[in-house]
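Q: Sequence:
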Amino acid sequence: MVSRVDRGPVADWWWTIDRFLLAACLALMGLGILLSFAASPAVAERIGLDSFHFVKRQALFMVPAVIVMFAVSFMAPRTIRRFAMIMLGISLVAMVGALFFGIEVKGARRWISLAGVSIQPSEFMKPAFVIVCAWLFAENERRKDIPGNFFSMVLFCVVAALLVAQPDLGQTILTAVTWGAMFFMAGVPWLWIIGLGVLAVGGFFGAYTVFPHVAGRIDRFLTGEGDTFQVDTGREAIIRGGWFGQGPGEGTIKRIIPDSHTDFIFSVTAEEYGIALCLLIVIIFAFIVIRGLSIALKERDDFTRLSVSGLVILFGFQSIINMSVNLHLMPAKGMTLPFISYGGSSLIAVAISTGLLLALTRRRPAARRSATLVDAKMRTLAGSI
Numbered sequence: 000m001v002s003r004v005d006r007g008p009v010a011d012w013w014w015t016i017d018r019f020l021l022a023a024c025l026a027l028m029g030l031g032i033l034l035s036f037a038a039s040p041a042v043a044e045r046i047g048l049d050s051f052h053f054v055k056r057q058a059l060f061m062v063p064a065v066i067v068m069f070a071v072s073f074m075a076p077r078t079i080r081r082f083a084m085i086m087l088g089i090s091l092v093a094m095v096g097a098l099f100f101g102i103e104v105k106g107a108r109r110w111i112s113l114a115g116v117s118i119q120p121s122e123f124m125k126p127a128f129v130i131v132c133a134w135l136f137a138e139n140e141r142r143k144d145i146p147g148n149f150f151s152m153v154l155f156c157v158v159a160a161l162l163v164a165q166p167d168l169g170q171t172i173l174t175a176v177t178w179g180a181m182f183f184m185a186g187v188p189w190l191w192i193i194g195l196g197v198l199a200v201g202g203f204f205g206a207y208t209v210f211p212h213v214a215g216r217i218d219r220f221l222t223g224e225g226d227t228f229q230v231d232t233g234r235e236a237i238i239r240g241g242w243f244g245q246g247p248g249e250g251t252i253k254r255i256i257p258d259s260h261t262d263f264i265f266s267v268t269a270e271e272y273g274i275a276l277c278l279l280i281v282i283i284f285a286f287i288v289i290r291g292l293s294i295a296l297k298e299r300d301d302f303t304r305l306s307v308s309g310l311v312i313l314f315g316f317q318s319i320i321n322m323s324v325n326l327h328l329m330p331a332k333g334m335t336l337p338f339i340s341y342g343g344s345s346l347i348a349v350a351i352s353t354g355l356l357l358a359l360t361r362r363r364p365a366a367r368r369s370a371t372l373v374d375a376k377m378r379t380l381a382g383s384i
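Counting along the sequence shown from 1, when you hit position 251 you're at 250 in numbering that gives the first Met the number 0, and nothing is skipped either side.
Some hints could be false.
If you anchor each label on the Cβ, the simulated ranges turn out as follows [claimed, not checked]: (1) Leu326 <-> Lys105: 17 to 27 Å; (2) Leu48 <-> Leu113: 13 to 23 Å; (3) Asp49 <-> Phe204: 44 to 54 Å; (4) Leu59 <-> Ile255: 23 to 33 Å; (5) Arg81 <-> Phe51: 38 to 48 Å; (6) Ile102 <-> Val157: 17 to 27 Å; (7) Leu113 <-> Lys297: 38 to 48 Å; (8) Lys143 <-> Phe51: 55 to 65 Å; (9) Asp226 <-> Thr251: 18 to 28 Å.
What the hints contain is simulated information worked out from the structure, not anything from laboratory work. Just so it is clear, CB atoms sit at the ideal spot from N, CA and C, and this is done for glycine as well.
Model the full structure from these sequences, guided by the hints.
A: In C-alpha cells:
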C-alpha cells in the first residue's frame, strides 16, 4: 500500500487521483474483454478466422491502452497542453495522408497502415482537439489580445473539412456537438449561438443533399424501407434477451449481425446478458459524464473546466450515438462504444482521453490554495482602492 506520508510521484498520484472515475474506466475495460467473448467469435468464424481471433486482439490492445491511460494520468496541465498540440498536429497530418494514401473501406479513406497495423487518425484527433480548443477558449478569456475563439473556429473548420472529405459524417457531428458545447460554456454571446445553430442546420441539410449514403440512412430510418437488416436484427436481439438474457454463449441472433463485435455489441450484450447488464453499462457511462461535469463545475481554472467538460461530453455523446443506433433511436452510423467495441485505434484513443480526464480531475490543493490567496489579495486591493 502507498502511505500518506510518501512524497514520491506514485504516492502523490494515488492520493490525488479521482478513484471513482478510475474504477469506472477500469470497469468498462473489463466489460469490453468480457463482451468480446460474446460478440466476436461468430464474426471471426464467418470470415474464416480462429474463433477467438478478435478476443485475443482486443486483449492485446487492452495492454497498451491501460499503460497509456495510467501514463497520461500522471501529466500536469502544462504538459497536457503540449502533448495535445503535438498529437493534434500529427493526427491532422495523418488525416491528410489518409485521403491520398489511406486504406479505402466501403468508399471511405479513414485509415492508414503502419507496419501492417491499421490506424484511424481521427480517433486520436478528437481528445487532442478538445484540449487545444479548451486552451484557446481559456486564453481568449484571459488575454483579450489573443483571439482564441476565432482560432478555435478556424481549427474546427479544418477538422470538419478533413472529416467530411473522408467522408465521416458521424465523427463530424460528434466533433461539432462537443465543440459547440465547449463554446457555449466558454461564454459565447447568444447571437453567435443562434448563428452557429443556423449553420449547423444548413450543414445537416447540405449533407443530406450532397451525400447519397447519408440521405439513404436517414430515409431508411424514417420510412423503414430499404436495407435495414442489421438495425432490425440488432433490435430483435435486444427484445429476445429480455431482462436477464439468454445466458453466456447462448445468443443465436448475434450470429447473423455483420458488425456484432463493433457497432452492435450493445445488442449482443442485451441478447446474452439482458437489459439488466445494459442498464449497468449505461449507469457507468452516465456516472463518468456526471462526475466529470460536477468536478468541472467546481473548477476555477477555465482551461481545466473546459477541458474536463469537453472530454466527458465527447465520451458521453459517442456512447449515446452507439446505443441509440442499437435501439433504433437514430439513423445507422458506424460509431464504436467506448472501451466496449472492438477496435485498436478506438480503444487506445479512448484510453488517452480518459487518461487526460483523470489527470485534469486530480486534486491539486497547493495550486488551488495559491489561486484562492491571489483572489483574496486582489479583492483586498480592490477594496482599498
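Q: Against this structure, judge whether each hint is valid.
A: Checked hints:
Range check, leucine 326 to lysine 105: Cβ separation about 23 Å, and the 17 to 27 Å hint holds. For the pair leucine 48 and leucine 113, the supplied restraint of 13 to 23 Å holds, since their beta-carbon distance comes to about 22 Å. As the Cβ distance of aspartate 49 to phenylalanine 204 is approximately 46 Å, the hint placing it in 44 to 54 Å holds. Between leucine 59 and isoleucine 255 the Cβ separation comes to about 27 Å, which falls inside the hinted range of 23 to 33 Å.
Arginine 81 and phenylalanine 51 have their C-beta atoms about 40 Å apart, which keeps the hinted 38 to 48 Å range intact. In this structure the supplied range 17 to 27 Å holds for isoleucine 102 paired with valine 157, their Cβ-Cβ distance being about 22 Å. Take leucine 113 and lysine 297: their Cβ atoms lie about 41 Å apart, and the range 38 to 48 Å holds. A C-beta distance of roughly 58 Å is found between lysine 143 and phenylalanine 51, which places it inside the suggested range of 55 to 65 Å.
Distance hint check for aspartate 226 and threonine 251: the Cβ-Cβ separation is about 22 Å, which falls inside the suggested range of 18 to 28 Å.
When held up to the earlier numbered hints, the structure conflicts with none and fits them all.
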